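K.L.:
These are the residues of each chain, in order.
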Amino acid sequence: MLQLKNVHKSFGKNEILKGVDLSIDKGDVVVIIGPSGSGKTTFLRCINFLEKADQGQASFGELTVDLHSASKRQIHQIRQKVAFVFQNYNLFNNKTALENVTEGLIIGRKIPKGKADEIGKQALDKVGLSDKYQSYPGELSGGQQQRVGIARAVALNPDIILFDEPTSALDPELVGEVLTVMKDIANEGTTMLVVTHEMSFAQNVANRVIFMNDGVVVEEGSPHDIFVQPKEERTKKFLRRILAEDYEYHI
Amino acid sequence: MLQLKNVHKSFGKNEILKGVDLSIDKGDVVVIIGPSGSGKTTFLRCINFLEKADQGQASFGELTVDLHSASKRQIHQIRQKVAFVFQNYNLFNNKTALENVTEGLIIGRKIPKGKADEIGKQALDKVGLSDKYQSYPGELSGGQQQRVGIARAVALNPDIILFDEPTSALDPELVGEVLTVMKDIANEGTTMLVVTHEMSFAQNVANRVIFMNDGVVVEEGSPHDIFVQPKEERTKKFLRRILAEDYEYHI
Amino acid sequence: MGIDVPFLIDTFFIALSGVPVALLITIVALFISLPLGFLLALTRLNQLPILNQFSRVYVSFVRGTPVIVQIFIIYNSVPLLLARIFEKYDIQSSVYDINPIWYAFIVFSLNTTAILIEVFRSAINTVSKGQLEAALSVGLTQPQAFRRIIIPQTLVVALPNICTATVNLIKATSLGYAMSLHEITLKAQVAANVGYNYVEAYIDIFLVYLILCSVVEYLFKWYEKRLTKYKIVSV
Amino acid sequence: MQKYFDASYIWDAFPTLIPFLKVTFLVVILSVLFGSFLGFILATMKIGKNKFAKKIAHGYTTVLRCTPSIVLLFLVYYGVPAIFINFGIDLNDIDKAIFVVLTFTLQFGAIMSEVIRTAYESIDKGQYEAAVSVGLSPPQAYRRIIFPQAFVVALPNFGNGLLELLKEGSLAYTIGLIDVMGKANMIIASNYNSHALEIYIALSIIYWVLSIAIEQFFLKLERFFSKGKQVVKSV
Amino acid sequence: GCGSDSASGDSTGSDGEVRKIKVAYDQASKPISWLDDNGNPTGYDVEAMKLVDELLPEYEFEFVGTTSDDLLVGVSQGKYQVGVKNAFWTEERTEKFIYPKEFLGLSSIGLVLKKENEQIKSLEDFASAGMTLAPIAANNAQYTVIDEYNQKNPNNPVKLKAGDTFSVDTIQWVNEGRVDGGVIIEGPFEKQVLAEDGPYHNLVDEVVYNEFNVIKTWPLFNKKEQEFADAYDEAIKKLKEEKKLNGLMEEFYNRDLFEVLDQVER
Ligand SMILES: Nc1ncnc2c1ncn2[C@@H]1O[C@H](COP(=O)(O)OP(=O)(O)OP(=O)(O)O)[C@@H](O)[C@H]1O
Ligand SMILES: Nc1ncnc2c1ncn2[C@@H]1O[C@H](COP(=O)(O)OP(=O)(O)OP(=O)(O)O)[C@@H](O)[C@H]1O
Ligand SMILES: [Mg+2]
Ligand SMILES: [Mg+2]
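Chains as they are written, first to last, in this note's numbering: chain A, 1 to 251; chain B, 1 to 251; chain C, 1 to 235; chain D, 1 to 235; chain E, 1 to 266.
Next comes chain A alone, as it looks inside the complex (with noise of 0.2 Å):
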């Protein structure tokens, strides 16, 4: 459903992105890991346009552009079919939770405002917020604000939801909510591509995962080939230290 062929970026003379494909089937959980630096926000962010690629395809379904040269009406074009859950959730402050939800509908989409309410409305309760329609994100704690920010993308019927360590700006306790939700969301069949540190979720719901080191896809695979019994020496590396701590609290 999507594919995305050898996308490169660079930072004045930084290469971050040094020619990374990717494709993706309908209903795909697909997870990255990596570590810091290795150019996965970057690779997301290419995908939406909030950044622009040097160079590199993305297709989806029929429609096939180029990263480089894609046309405002394209770019809105993709848009309309990601979206993005951000890591510091990028609520819009100055609007409730509900309409944080319609704002892409009404105005992006132009759905009359009783039926984006309604939708907005389920999008909520299916992240568990039933009772904070009203509420400004400030209002809110910050695996509320994350389950907004899910609602909101949701909400958009997406071809693909696009999430970037979704967690990571969540203490401990908070984390397990939002995880919660995504794994529902996965189950229901909603294609995925997640940037998480989180082990557990990437076993558990990913049906695949891929490594990314320096800019390149390092290797990917089932979550079983990669944690269980990863080729690569750099793999092998990354996962010793991620784990380290976890293992040893179990051993």
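Take the hints with a grain of salt, since some may be wrong.
Okay, derived cross-link-like pairs now, DSSO-like style, lysine-lysine, Cα gap no bigger than 30 Å in a straight line [stated by the list, open to error]:
hint: 1; chain 1: B; residue 1: K126; chain 2: C; residue 2: K129
hint: 2; chain 1: E; residue 1: K20; chain 2: E; residue 2: K238
hint: 3; chain 1: B; residue 1: K26; chain 2: B; residue 2: K52
hint: 4; chain 1: C; residue 1: K225; chain 2: D; residue 2: K51
hint: 5; chain 1: E; residue 1: K20; chain 2: D; residue 2: K96
hint: 6; chain 1: A; residue 1: K52; chain 2: D; residue 2: K55
If you want the ones that stay clear, here's a sample from chain C, every Cβ over 12 Å from chain B, calculated [what the hints assert, rightly or not]:
hint: 7; residue: V69
hint: 8; residue: P79
hint: 9; residue: S122
Treat the hints as calculated values from the structure; they're not laboratory data. Since this is a predicted model, take the numbers as computed values, not measurements. All C-beta atoms in this analysis are idealised placements derived from N, C-alpha and C, irrespective of residue type, glycine included.
Model the placement of chains B, C, D and E with the ligands on the given structure of chain A, informed by the hints.
P.N.:
Leaving out everything else, chains B, C, D and E with the ligands in the frame of chain A:
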């Protein structure tokens, strides 16, 4: 070495601490765990007079003071014995790493600059920042900043160091870095009182764990007592929730 | 209309000779109002009962009324009051021998203080409480913590606004002519009176202030760069 | 002091002065309107990528900040018609108020450009990204998400600028446009310069009340528009 | 070059076409010129110019109220064709403006003093006594008078300071003792102190006015208005011959200064 008795603290009508007692011996590493809002931070802050308790005594060896009515001189005396490591580092933005460490020595303790620089460099070396003496906080990663925070506390050579969730503002890869440093310091025999969500640290490093809830100490004992055979229902419930993810992954 | 060029040039230097007075007033006013504004800003932030109310009323009056009116009121009523006080306590010096520059110091200090209270109030707010707590926790006393940690950081945030306030202050000193102060505007106007060369005089006034204020602005920018060296990377 | 100070002059001044607020308001309101528009354009130039436009906008701001208002007023009052006369357009007969409004528009524009720029820059870039990511077009994102938030940030400074303008507006009198300040001067003149203190006290009370009202109004506005705003602190 | 005669300055007098003239006046300089409570310009200078207007059918005067600074800039630049502000004559000013041949009015200028200093009759006396003088606005003719005296008497100068018209209430300052004396024109002194309803009539026994000079005052013409200035000369001459101005003097200054015209030096 440090005894706290009957610490009470309210904010407005909200009673946050409802008579907390604690006794720490030289060389102890005590970890406080407990749900959000249970008063852990408030308790630490009362010890250091960053918050003025409504009631309670603190004894440091000979010196006994009333937490509510301590004089400026007494407060200053106690602060000289106690160091604090903040969750969000709170490094002095306008000072280099080295100056951050030496500020308290030169200005607070009146140690000559030459000598203070020497102590400061040693402390920074200890936390692995030999090459960052002249960096400003803005130029350091989160993990490095927190290590400067620890060096700043260590350099004061205090009787006890208080840590308030020293790793919770860090991203997962940086957590290890800071915990390692803390473990080293503990192994050198420094007395430490640590609020943390890092269960592995509590298990491996602490010689006593305290579970706080709702302004009181619910249960305390060795890590084994608390994690493996907790007595109180509230403790069990809390542990189940906070450990849930980790378990899930390892099962 | 014809510009009298020799006059233009001569008067430029006459106007320029008013710069020291303008600068003296500016510097004295800043010297008084920087610390005073900072202290009063603290009283407002800490909601000290009486001082807080006082500084609110004070700020609102000073910011709410034109400077020229304040000058007038001070210049005309203070001597009256002083004269009575002198009389009552039998002080043997004449109120009217006081150099008017003292009134300028009073008016412009009062004014700048009011503006700086607001500038500092918002700037202090941007320095997180944690900075003070950290300073106390490493054993600094409260005054030490302010001097070494809080004030330097506050200053950085406040600097652009202090710059604006200073430029406005320099321009406002031109109102000193109402108190017979030999500053830039008055000097140029006196020179203009003989031959009614007002066009030239205003061009000179314009040039002198433009140069003076641009230099001040430049100095502030330069100083700001130096102060913020620790900030550059974090952006 | 009673001998000179006659409070009845204060009371008598009010009814004479107040009608002239009309002129003050007219000048202020029009200048604020056009000045904000100009400020918006300048701010866009400063924020944008075009280096040349940036330089112009910043240079404009510096020069206008450094020019005393009275000089600017003369430059506009005499300079603008002088330019237009070259095109055969005679502006000498148009209302003085237009020149005053033009002067303050130019000045207010410079001040507002900085207010708008800093307000815009204070809004997290993520807000824009989130908006386009839910399918808003860039203009929609600005209109619906960025501007409403920047507006709240700009409000207090906008209020300050307005108060400043209100007071500066008294300058209009220099070219003979009679506003409250001008009227006060004329009352004093018609008393042969006597009892000026009382008249100025009445004047400052009017200004004070006015600015308190404006201040309160802006506080209300700020509270009203910043409904969802606490967020910023909590993140 | 900026000038007025391209658009509004159609040549005078021809074909009975009426030319509009803007007459600027200082609108806060009672009783010489001011805008009265009903919004009408009046005062000696203004009323005299109104009489001039009546005699010049080919010109139509429009009175524009403004401040002294603007008047000077405006007339020299051509925005106003003529301005009246109790202006005195100096050599240098003739470079900037046309001074006509005929003066417009007379101004009695003197010192306000405390009763006890009544014996001070001249600037020489005043200077010798080492007395202090109230500040005078820099753009005021009185400033020039004192300044010129100082130039002529460098050994015995008056302590001269410039200030602002509105911040200095000369009579009060003298009475208070803030200064020993002030320069003032007779008209305002009459109206403030001597007049029964004057605001300082209560000081009538405390302060005195000692005239030290009577000076001619002039309208200022824009440099391009020679033709108009000549027309003015014709008209004002006629008015003086018809003694029309003497009445105005009485009305605004309570005194006909034409009586002392032969003693006037300038
Ligand atoms: N706007 C930018 N300008 C310059 N360099 C940038 C920019 N954005 C990102 N980078 C650099 O690109 C590299 C990759 O950043 P990216 O955020 O994609 O990494 P990441 O894999 O998401 O890391 P993390 O796990 O820490 O979020 C980093 O070295 C970063 O410094
Ligand atoms: N300055 C304050 N004013 C009012 N209430 C406060 C203040 N500081 C803390 N509280 C309240 O006191 C309670 C305990 O706060 P505290 O920060 O001590 O909890 P904690 O155990 O550290 O929680 P966490 O794990 O979330 O840090 C909370 O309900 C909090 O809302
Ligand atoms: Mg990232
Ligand atoms: Mg806490």
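K.L.:
Take the hints in turn and mark each one as holding or not.
P.N.:
Here's how the hints hold up against the structure:
1. A C-alpha spacing of about 28 Å is found between B/K126 and C/K129, which places the hinted pair at or below 30 Å, so the restraint holds.
2. Taking the CA atoms of E/K20 and E/K238, the gap is about 22 Å. The hint holds against a cut of 30 Å.
3. Taken as a hint, the B/K26 and B/K52 pair is honoured in the structure, with Cα atoms around 25 Å apart against an allowance of 30 Å.
4. Restraint check for C/K225 and D/K51: the C-alpha separation of about 21 Å stays at or below 30 Å, so the hint holds.
5. Of the supplied pair hints, the one linking E/K20 and D/K96 holds, its CA atoms being roughly 18 Å apart against a limit of 30 Å.
6. Pair hint A/K52 plus D/K55 holds up; C-alpha atoms about 27 Å apart against a cutoff of 30 Å.
7. At the 12 Å boundary, the C-beta of C/V69 stays outside the reach of chain B, the nearest C-beta of that chain being 41 Å off.
8. The Cβ of C/P79 lies farther than 12 Å from every Cβ of chain B, with a closest approach of about 45 Å, so its non-interface assignment holds.
9. Every CB of chain B is more than 12 Å from the CB of C/S122 (nearest about 18 Å), matching its label as outside the interface.
Consistency note: the structure conflicts with none of the earlier hints.
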